[in-house]
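Numbers in the working numbering are just positions in the sequence shown, counted from 1, shifted up by 9.
The hints are simulated quantities; they were obtained by calculation from the structure and are not laboratory data.
It cannot be assumed that every hint is accurate.
Here are the simulated distance ranges between beta carbons [what the hints assert, rightly or not]:
id, residue 1, residue 2, range
1, L151, P70, 32 to 38 Å
2, N63, E28, 39 to 45 Å
3, E69, H138, 34 to 40 Å
All residues carry an ideal CB built from backbone N, CA and C; glycine is no exception.
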Amino acid sequence: MSDLFELMVTVDLGDELSEQEIAELRWHLGLGPQPERLTIVTAFPFVVEDDAGNPVVEDEPYPLLAERGAAARVGGALCSALASRADLPRRGWSLTSRQEVHPDDFEKVGELLCWLAARAHDTHLLVDHAVWIGYLRFHEDLMPEVLEIKNGLVNWPA
């Protein structure tokens, strides 16, 4: 049985993002090359064995919301987009991403989502000071749950 979830991120960001942050965000969405220096999610540790069989921690960055094409378990297509809102009254950026995520990736994806929530437009603020950032649905469920960030934490399922 698969533990995949459908993650749908829909967020409007302010216009205070730097060129470096936009470049890194584009990389995470599969829309551009990896920047030399990462500042949003900075560490991607994993353990491998060296030639002597000893565990060694290595760092291999990978984009977190970059999958494209047919979804394996949730149906439909996986995609990501980032659009400028330069000509609209609420200037900034609009981001949408639909991905399949495994609970093993919740921590890394959560770092990115918390970063996005800290830069989300005020229209994403909820009454309890949480930030609405999208939806999450277990692949066998019909209805998604609201995905929100509160106090720097994502309300991932238990």
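TODO: Given the hint of 32 to 38 Å, check if L151 and P70 actually sit that far apart at their C-beta atoms.
DONE: For L151 and P70 the Cβ distance comes to about 35 Å; the hint holds.
TODO: Determine whether the Cβ-Cβ distance between E69 and H138 falls within the hinted range of 34 to 40 Å.
DONE: holds, 35 Å
TODO: Check the following: the C-beta atoms of N63 and E28 are separated by a distance inside 39 to 45 Å.
DONE: holds, 41 Å
In terms of the numbered hints stated before, the structure departs from none.
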